[in-house]
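Using the sequences and the hints, build the whole thing.
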Amino acid sequence: MDDTRLTTILVIGALTYALRLLPQLLFVGKTFSDAADRYLRYLSYALICGIISNVLFMTGDHIATAVAPQRAIALAVTVLVAHRTKNAVMGIAAGLVLVLLLAWLR
Amino acid sequence: MILHPRFRRGMKAAVPVWIAFVPSSIAWGIAAQASGLSLDEVLLLSACVYSGPAQFAVLAPLAAGTPALQVILAAFLVNLRFFPMSMALTPFFGAVKRRWLLFAAHFISASSFVIPYLQFRKEKESPAPDERAPESYGRSNLAFFLGVGMTSFLVWLVGSGAGFEIAQALPKNFDEGLKFILPAYFAGLLAIDVRGRVMVAVCLASLILAVPAVMWSPDWGWIITAVTVATVAWSLEQWTTRA
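Those protein sequences? They're chains U and W, same order as listed.
Here my numbering is used: the first residue of the first sequence is 1, the next is one more, and so on.
Here my numbering is used: the first residue of the second sequence is 1001, the next is one more, and so on.
Just so you know, the hints here were simulated from the structure itself, not pulled from any lab data.
This one's a predicted model, so the numbers in the text were calculated from it and none came from an experiment.
Errors might be hidden in some of the hints.
[Claimed, not checked] Straight-line alpha carbon distances no greater than 30 Å define the calculated DSS-like cross-link-like pairs of lysine-lysine that follow: (1) W:K1097 x W:K1122; (2) W:K1012 x W:K1172; (3) W:K1122 x U:K86; (4) W:K1012 x W:K1124; (5) U:K86 x W:K1012; (6) W:K1012 x W:K1097.
Structure representation (structure tokens):
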């Protein structure tokens, strides 16, 4: 295993553990305000959407023009199906079939 | 603790989480293998981090060898949500010995938080509230939590390894599908979870603005954009609520 990757994974693990543990040790009996909770939720969602965009539509610092349109269509179908069926796996299945079909047709 | 009757009740309550974790952990293992991570790295990430969104967030930059600081910061920001989750559970673990808390904290995840939290709230608000001594009350709740958390963690870990093995058996022309699986899974989760105009606006703005941001800075652009979008949306919401 690559040393840099190993160190990075262990540091991420340690920080994540600290985020899980510290409230248990330091904030017993206290509550988190709704406003702060909402901010963390927005931050988490914004980061996830940023990653989705980065992974699906970008290659380095360029837009992946050859594949971005078909991935955007498949992503839209995934969201629509997941929202309608309230089932993320159904959404993936629909998007996956479409993205493979569009790649095959290209 | 695992012999406690409440541990078994927790296990039963966790069955929907296991069902949800099987496809998602397999999807994560498949995507990680496609990104070039080894089986050791896949299992270590799943075991140490145990957070689908964070593992997803670090996958591409980790595989591409981007600066470690960026990878760590991305995971930290995504995992900040564990802080309020853990805080919300503290009142239910009163008088539990510290060594048990040190052990149990690792199993806090979005799914293994919701089930025990709702169960504890329901029991607390029931017409006949729990009259046990604080230590017994805390231990009983911790046993339930571990029944959910430990078993879900094991499903996640085994599923990650299984996904890695499955990916090696997939045909070569499935590459486009492999790249799509994990972003699609998280888009699907957001589609179910996101409620209200502000959250929809946050998601759409981050999705669209990440493109020019990555063109400007491939390493940091999307992180800066996400933090900015969330901060602006939250500030506007707070301002309009007070006005």
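Cross-check of the supplied hints:
1. W:K1097 x W:K1122: Since the Cα atoms of W:K1097 and W:K1122 sit roughly 24 Å apart, the hinted pair holds (cutoff 30 Å).
2. W:K1012 x W:K1172: violated (39 Å)
3. W:K1122 x U:K86: holds (24 Å)
4. W:K1012 x W:K1124: Distance of about 20 Å is within 30 Å: holds.
5. U:K86 x W:K1012: Holds, at roughly 22 Å.
6. W:K1012 x W:K1097: Between W:K1012 and W:K1097 the Cα gap is close to 25 Å, so the pair holds against 30 Å.
Checked against the numbered hints above, the structure violates only hint 2.
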